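Participant: Going down the list, the protein sequences come from chains A, B, C, D, E and F. The letter at position 156 of the first sequence is residue 1624 when you use this note's numbering, and the numbering goes up by one with no holes. The letter at position 51 of the second sequence is residue 1519 when you use this note's numbering, and the numbering goes up by one with no holes. The letter at position 264 of the third sequence is residue 1732 when you use this note's numbering, and the numbering goes up by one with no holes. The letter at position 247 of the fourth sequence is residue 1715 when you use this note's numbering, and the numbering goes up by one with no holes. The letter at position 235 of the fifth sequence is residue 1703 when you use this note's numbering, and the numbering goes up by one with no holes. The letter at position 214 of the sixth sequence is residue 1682 when you use this note's numbering, and the numbering goes up by one with no holes.
Hint data in this document are derived by calculation from the structure and do not stem from the laboratory. This one's a predicted model, so the numbers in the text were calculated from it and none came from an experiment. One or more of the hints may lead you astray.
Since the list gives no way to pick out one identical chain from another, each pair is judged satisfied if it fits inside one copy or across any two copies.
Claimed, not checked - Below, simulated PhoX-like cross-link-like pairs (lysine-lysine); rule was C-alpha separation at most 25 Å, straight line:
| # | residue 1 | residue 2 |
| --- | --- | --- |
| 1 | Lys-1583 | Lys-1682 |
| 2 | Lys-1547 | Lys-1576 |
| 3 | Lys-1547 | Lys-1682 |
| 4 | Lys-1522 | Lys-1670 |
| 5 | Lys-1576 | Lys-1682 |
| 6 | Lys-1670 | Lys-1625 |
| 7 | Lys-1570 | Lys-1670 |
| 8 | Lys-1522 | Lys-1508 |
| 9 | Lys-1570 | Lys-1511 |
Protein chains: 6
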Amino acid sequence: DFLNAMTEIIPAFGVSEEELETCTPGGIIPYSPHIAAILKEGKLYVEQVRQSEKTPLVSVLLHGPPGAGKTALAASIAKLSAFPFVKLLSPESMVGYNESQKVSHISKVFSDAYKSPLSIVVIDNIERILDWVPIGPRFSNSVLQTILVLLRKTPPKGRRLLILCTSTERTVLQQMDVLNAFDAEIAVPNVTGFEQLAHVLKETGAFPSQEQQKAMNELQQNLAGASDLSVGIKKILLGIETARQDEDSAGRFAEVITRAVQFQ
Amino acid sequence: DFLNAMTEIIPAFGVSEEELETCTPGGIIPYSPHIAAILKEGKLYVEQVRQSEKTPLVSVLLHGPPGAGKTALAASIAKLSAFPFVKLLSPESMVGYNESQKVSHISKVFSDAYKSPLSIVVIDNIERILDWVPIGPRFSNSVLQTILVLLRKTPPKGRRLLILCTSTERTVLQQMDVLNAFDAEIAVPNVTGFEQLAHVLKETGAFPSQEQQKAMNELQQNLAGASDLSVGIKKILLGIETARQDEDSAGRFAEVITRAVQFQ
Amino acid sequence: DFLNAMTEIIPAFGVSEEELETCTPGGIIPYSPHIAAILKEGKLYVEQVRQSEKTPLVSVLLHGPPGAGKTALAASIAKLSAFPFVKLLSPESMVGYNESQKVSHISKVFSDAYKSPLSIVVIDNIERILDWVPIGPRFSNSVLQTILVLLRKTPPKGRRLLILCTSTERTVLQQMDVLNAFDAEIAVPNVTGFEQLAHVLKETGAFPSQEQQKAMNELQQNLAGASDLSVGIKKILLGIETARQDEDSAGRFAEVITRAVQFQ
Amino acid sequence: DFLNAMTEIIPAFGVSEEELETCTPGGIIPYSPHIAAILKEGKLYVEQVRQSEKTPLVSVLLHGPPGAGKTALAASIAKLSAFPFVKLLSPESMVGYNESQKVSHISKVFSDAYKSPLSIVVIDNIERILDWVPIGPRFSNSVLQTILVLLRKTPPKGRRLLILCTSTERTVLQQMDVLNAFDAEIAVPNVTGFEQLAHVLKETGAFPSQEQQKAMNELQQNLAGASDLSVGIKKILLGIETARQDEDSAGRFAEVITRAVQFQ
Amino acid sequence: DFLNAMTEIIPAFGVSEEELETCTPGGIIPYSPHIAAILKEGKLYVEQVRQSEKTPLVSVLLHGPPGAGKTALAASIAKLSAFPFVKLLSPESMVGYNESQKVSHISKVFSDAYKSPLSIVVIDNIERILDWVPIGPRFSNSVLQTILVLLRKTPPKGRRLLILCTSTERTVLQQMDVLNAFDAEIAVPNVTGFEQLAHVLKETGAFPSQEQQKAMNELQQNLAGASDLSVGIKKILLGIETARQDEDSAGRFAEVITRAVQFQ
Amino acid sequence: DFLNAMTEIIPAFGVSEEELETCTPGGIIPYSPHIAAILKEGKLYVEQVRQSEKTPLVSVLLHGPPGAGKTALAASIAKLSAFPFVKLLSPESMVGYNESQKVSHISKVFSDAYKSPLSIVVIDNIERILDWVPIGPRFSNSVLQTILVLLRKTPPKGRRLLILCTSTERTVLQQMDVLNAFDAEIAVPNVTGFEQLAHVLKETGAFPSQEQQKAMNELQQNLAGASDLSVGIKKILLGIETARQDEDSAGRFAEVITRAVQFQ
Ligand SMILES: Nc1ncnc2c1ncn2[C@@H]1O[C@H](COP(=O)(O)OP(=O)(O)OP(=O)(O)O)[C@@H](O)[C@H]1O
Ligand SMILES: Nc1ncnc2c1ncn2[C@@H]1O[C@H](COP(=O)(O)OP(=O)(O)OP(=O)(O)O)[C@@H](O)[C@H]1O
Ligand SMILES: Nc1ncnc2c1ncn2[C@@H]1O[C@H](COP(=O)(O)OP(=O)(O)OP(=O)(O)O)[C@@H](O)[C@H]1O
Ligand SMILES: Nc1ncnc2c1ncn2[C@@H]1O[C@H](COP(=O)(O)OP(=O)(O)OP(=O)(O)O)[C@@H](O)[C@H]1O
Ligand SMILES: Nc1ncnc2c1ncn2[C@@H]1O[C@H](COP(=O)(O)OP(=O)(O)OP(=O)(O)O)[C@@H](O)[C@H]1O
Ligand SMILES: Nc1ncnc2c1ncn2[C@@H]1O[C@H](COP(=O)(O)OP(=O)(O)OP(=O)(O)O)[C@@H](O)[C@H]1O
Ligand SMILES: [Mg+2]
Ligand SMILES: [Mg+2]
Ligand SMILES: [Mg+2]
Ligand SMILES: [Mg+2]
Ligand SMILES: [Mg+2]
Ligand SMILES: [Mg+2]
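The shape of chain A in the complex, shown without the other chains (with noise of 0.2 Å):
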């Protein structure tokens, strides 16, 4: 059917730059120096891979809000590696899998990686691979003790694999004994602050300058008492193309930022 046609067009082996553009469709915007030091530190770990024979595993946790842009940055440092083998592992790719689908799925996934000297794997939204939801609370158990496992696992002689994982539920992975599978966390923040956001605004070109400030102006009525901004940079983008359709795009602009801030 559909989703395992599309699947199949993606080579096994080999990496799917295509696949990785997608997960960075707004670019990297340096809107703080936060954002070079989480490339940094990506790529300290990518050369530890590559040169290490005594650490043929390292596994790094990049976790934070939601949309604070964890996916693009983890794609970035993929990307950036140049190694032979790169592999997404989504819950996109896994839609309308039983549990067991999914654990054999990510096994072949990680046994393909095993063939090439060098590889990355990312998982992407681990708690959503997990099916976690807070009610109850519920997750594939089966799902999750394959992902624990494999997180430690020895590749085989002459392989090297880093394994790069996004999560917005830091907390949850440490109530199931995830984090400690990790060997690095990485931090990824919020847009903070007024400078930050004018900084986004004006890389992406989306408001003539005087819609901008008549847009941050009003941003900054609404959120007079309220504490600090922080939005993440996913709702901003959004954000710009919803207010780009409506007549008055700086009011329209201003008031999806102070829902955004307002619900956190």
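Could you slot chains B, C, D, E and F with the ligands onto chain A? The hints should help.
Facilitator: Just chains B, C, D, E and F with the ligands now, kept in the frame of chain A:
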């Protein structure tokens, strides 16, 4: 069998105008300025999907009390879009399906949508599709996870999709982390206050004006001490039809509305 | 096997008069003005379905204490309608069915109903159909969800349906969000007070008038300090039959009713 | 296999006298006037079923402490009825059955009963048939629901059925809403007080009268400070047999009864 | 496979002397008068089954702390009976069985037992047969219910059966209502106090008398402030073997016992 | 498939030296006298199994914090035994197995072990083999029960078995009643205090001595106010490799260890 037969006569592609019509048996009565505002906001998202290249997917939740008109308004927005593909994904179309059949059906509707350049999927009454029941609580996690992923899954290149979802259970969706998956929310209110109610009655022409006055008077007496009147438009339209069968139509109408208000 | 054999002799279409008769082995004794009022309200909904084009579906819940006469009254309303299709959906007709067989059976009954221009489906003792048990609590969610959807599903064009449902567990239905799915509710009360009880005894002609007096006296003594007498009509009729086997019929009847009252 | 073989030699129709006999290995000792009263009340329901046209189904629960004689008394009532069909539905006859096999077996027993004009079904030790365990608690809901419906299902025209059910767990049945499904209840008490115990001992002729006196004395000493003696008849008869193997029969008997009393 | 192969070499009928022998690798050391008393009480029940016609089934529970000698004593009683059929029903004989395989195996053992005029079934370590785990708690209810019924099921005419069951979890059995199903209980105590321990050491001849004195002294020092010494005989015998491998046998023995006592 | 292929190349009998080697990629650094003591105690149990006829089965638990070196030490003890059969039973060897496949695999490993006169089975990371997760908590009870029985099952005549099990979850094992099933326990500690850490660094020769000093100084500053330093040897060795990729190796090492200490 019967259910399958019924679904088969609806084309997999294209729009079933008739199906959308059945969602507004009572039309759209403009009993308050909110109604126009909702339709306008709906149009905004339709335009964003039609025009913005950067947001090929927009998902919107219409929430509000039972019978407030959520399904009718979502269907109206969809119909007005004139998109080539519009599909109603409703619990009624999945009666007797088990969990995996539901997951297949839902995946199929979305993969059909991905084949049209501009599509709308209306997920009607999502809590019923999830087999939600507050005792326990219980629900189908595999259906939930499927929808959670599809609400975020970018359509293939060149395809654009608007998702409209209706629900009476906003709080439940929040507890399930589903709210986060929507790009925007629209609140659909009850008919509120005697004036709006009178507006509805007049518009329907259900009662001769003297009868209407009698019904309103009786209702005002019944609800004397009570707080503000607030009833779903659906209940009002049903109450009119019941009242018509009674010798004392005005009295029966007042009683039906009184019970509805008191039960809340 | 036996159960299937039994259901097969009942025609899928049309009305099984005999089946409805077995619901009123003790007739309908007009021991209080409530009885007439209930039958009249039932008739109102029958007429709404028959005549209003705008409400092709009306669903009504008859609720009350065990043995109050809910099933007998629902069956009477159905019989008096003279609709061409009347079907009793009862737990007895699904003994030994598993969850999915129940869902199939229920769906089948409704799809049969949709083939007649005017239909009534009586869902008898819904808590038993749901396999409800307070310990846990446990119940069949797939059966519940099927009924929840069918209670709201508009019949096809030109078809009209009245659903009459009986239950002793109104509170449970409320907790399950089933109450919301009904368009109307009818409360069926117990036989209340000595006068109504005497009315029933007289109407049945069970005891010679002296015996009846003796039974009533003894009962009044037994229940001296107790609060108001309140018993289901079904228990009273059963008690009469037990008492007839005893040498001391009056004494035995008084004892049976006393126990019934004290257990509540 | 063995279990099936064993059940097959018992005729599906008719009465297995032998099976009923095995329920009263110790006979029925009239150690208290309660015993006669219970048998008389049992006869009353037998006659109601035999004679009243209006109550073709009567269901009775015999409840009491472990070993009080519930099964023996139910079997006696059934045997004395001389009904053409009497069937013992016991946990022993369903060892190793899974839930659906139990449901089938139970349904079969009742459909067999419906073929005879006058039938009795003894449901022995219902909590065991339900796989009840207090930890959890856990039980088979599908078996429970089957029995709940069969306890209320009117036999076909011209057939009459008496259901006798035994249980030590009246409170559990109440929590499961099973109590409501019975038309009547009979309480079966323990042997209570030294006098009744002496009556039993004498009737069995187990000990020479001097030995009996010695046993009673020793027992009275053991239980000095304790509250009233209360033991099941079954435990007493077992204790007699154990004591007979001991050199000091009287002492051993006193000890067995002492432990039994103290454990309660 | 392996497990099946192993069970097949044991005859379905008759006694596997060898199997019983393996239950007493350390013999039965009469370190306290309790030991003789337990064996005597066991013999009493053996005789009751052999001789009393009225009690063709007797079931006895041997309970006590881990390693107290329950299995060894049950096996000894069984062996001394010289009954023609003796079967050990142990968790070890059901490794890897699923619930229904366990139920079948258990039923088979009992139906085999019913074919011999005099039989003993030893149910060893019942909590393990039940898959009991305190977390949850969880256990196999179908196995539990099977055993609950078999503990009470009268053997066919002319057959007599003694059931000996061992357990460390008397409280759990009580919570599961299993205790009630036993006709008698025997408590198996730990080795208690230094004197009994010395008795055991001497009997085994494990240490030269000077070494033994040294071990006892060291132990008394270790446990100075502690409450009474109390250890299972099994642990003591194991500790002796471990100690023998150490240069400082006495010191190692004292340490092993100290740890054992302190952990309780 | 891949996983099966991988396990098949390992002989069912005999010792896979290579597999044991992969458990000690960092060797065994004698950074504290505890290390020698653990190896000596391990040897004691090896000798008990080899020499004592009365204890053909000895089971030992090695427990301690994550990365303390449990697996490496268990593998070392096993390798030093020079037993003809040594098998590593690890979660990695059962990736993607369902519960019954795990049970089969585990049973198979033990039945293989029973075929050799002297065997060792290392059960590595038992909580992972049990699919343990603290949320719920959830785990595979059928795997747990299998292991619980195998930990106590006497090998056939002439066969001797040492079981070495590793775990970070001693408390969980206690709650599951698994602790009781072990004959002995060995605690494996973290690297504790700056001196032991310096010992490790020096032994690895990772940094030139000046660099090492700089790293230690920086670390001491970072942890100033903090309580005692305590880190797993595994984390230290990994940190060294990460640090080597950084320009500022000493600083990076200090940071990695600081984070590790602070997270505990
Ligand atoms: N500095 C940046 N870092 C990350 N993403 C950026 C940055 N600048 C622009 N973007 C864009 O912002 C979007 C970030 O979305 P992304 O899906 O990566 O967020 P996320 O944190 O993974 O969201 P979610 O929590 O929903 O998984 C992408 O479109 C990306 O191209
Ligand atoms: N202004 C209006 N907005 C919405 N519906 C209206 C309006 N005026 C009239 N209606 C009619 O009111 C009814 C609204 O029913 P609808 O099923 O849409 O409510 P709902 O909120 O989806 O109910 P539910 O909570 O049961 O799903 C329809 O018959 C519709 O034609
Ligand atoms: N006025 C009355 N209303 C209802 N039933 C009556 C009336 N008079 C006599 N009856 C008889 O009383 C009995 C009522 O039993 P019915 O099964 O309808 O009660 P119910 O409330 O459905 O019981 P349950 O709670 O067990 O389902 C029937 O035999 C019916 O014929
Ligand atoms: N008066 C009596 N009433 C009942 N049983 C008696 C009486 N006198 C002697 N007996 C004997 O006592 C025993 C009662 O055992 P029975 O199995 O009927 O008890 P029970 O209450 O069903 O036990 P359980 O709770 O275990 O099911 C039988 O052997 C019966 O023959
Ligand atoms: N007096 C005694 N009573 C019981 N066992 C004894 C005695 N003297 C020596 N032994 C030996 O002690 C050991 C007792 O172990 P056994 O397995 O019977 O204990 P257990 O209580 O069943 O242990 P567990 O709780 O692990 O099931 C056996 O080796 C037995 O031969
Ligand atoms: N003295 C030592 N004891 C144990 N391991 C050591 C020692 N010195 C160096 N090592 C090395 O340290 C590492 C210990 O890792 P190992 O996997 O055994 O830890 P673990 O406690 O089993 O971890 P986990 O909790 O993740 O299972 C191995 O690489 C081992 O070679
Ligand atoms: Mg993401
Ligand atoms: Mg709706
Ligand atoms: Mg009824
Ligand atoms: Mg009984
Ligand atoms: Mg034992
Ligand atoms: Mg380890």
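Participant: Run every hint past the structure and note whether it holds.
Facilitator: Here's how the hints hold up against the structure:
1. Lys-1583 with Lys-1682: For Lys-1583 and Lys-1682, neither the intra-copy (55 Å) nor the inter-copy (40 Å) Cα distance is at most 25 Å.
2. Lys-1547 with Lys-1576: within (21 Å within a copy, 32 Å between copies)
3. Lys-1547 with Lys-1682: This pair counts as neither: shortest intra-copy Cα distance 38 Å, inter-copy 35 Å.
4. Lys-1522 with Lys-1670: Between copies only: 17 Å across, 46 Å inside.
5. Lys-1576 with Lys-1682: Neither way: Lys-1576 and Lys-1682 sit 52 Å apart in one copy and 45 Å across, limit 25 Å.
6. Lys-1670 with Lys-1625: neither (49 Å within a copy, 27 Å between copies)
7. Lys-1570 with Lys-1670: For Lys-1570 and Lys-1670, neither the intra-copy (42 Å) nor the inter-copy (45 Å) Cα distance is at most 25 Å.
8. Lys-1522 with Lys-1508: within (22 Å within a copy, 28 Å between copies)
9. Lys-1570 with Lys-1511: Answer is neither: 30 Å inside a copy and 38 Å across each miss the 25 Å cutoff.
Hints 1, 3, 5, 6, 7, 9 from the list above are not met by this structure, while the remaining hints are.
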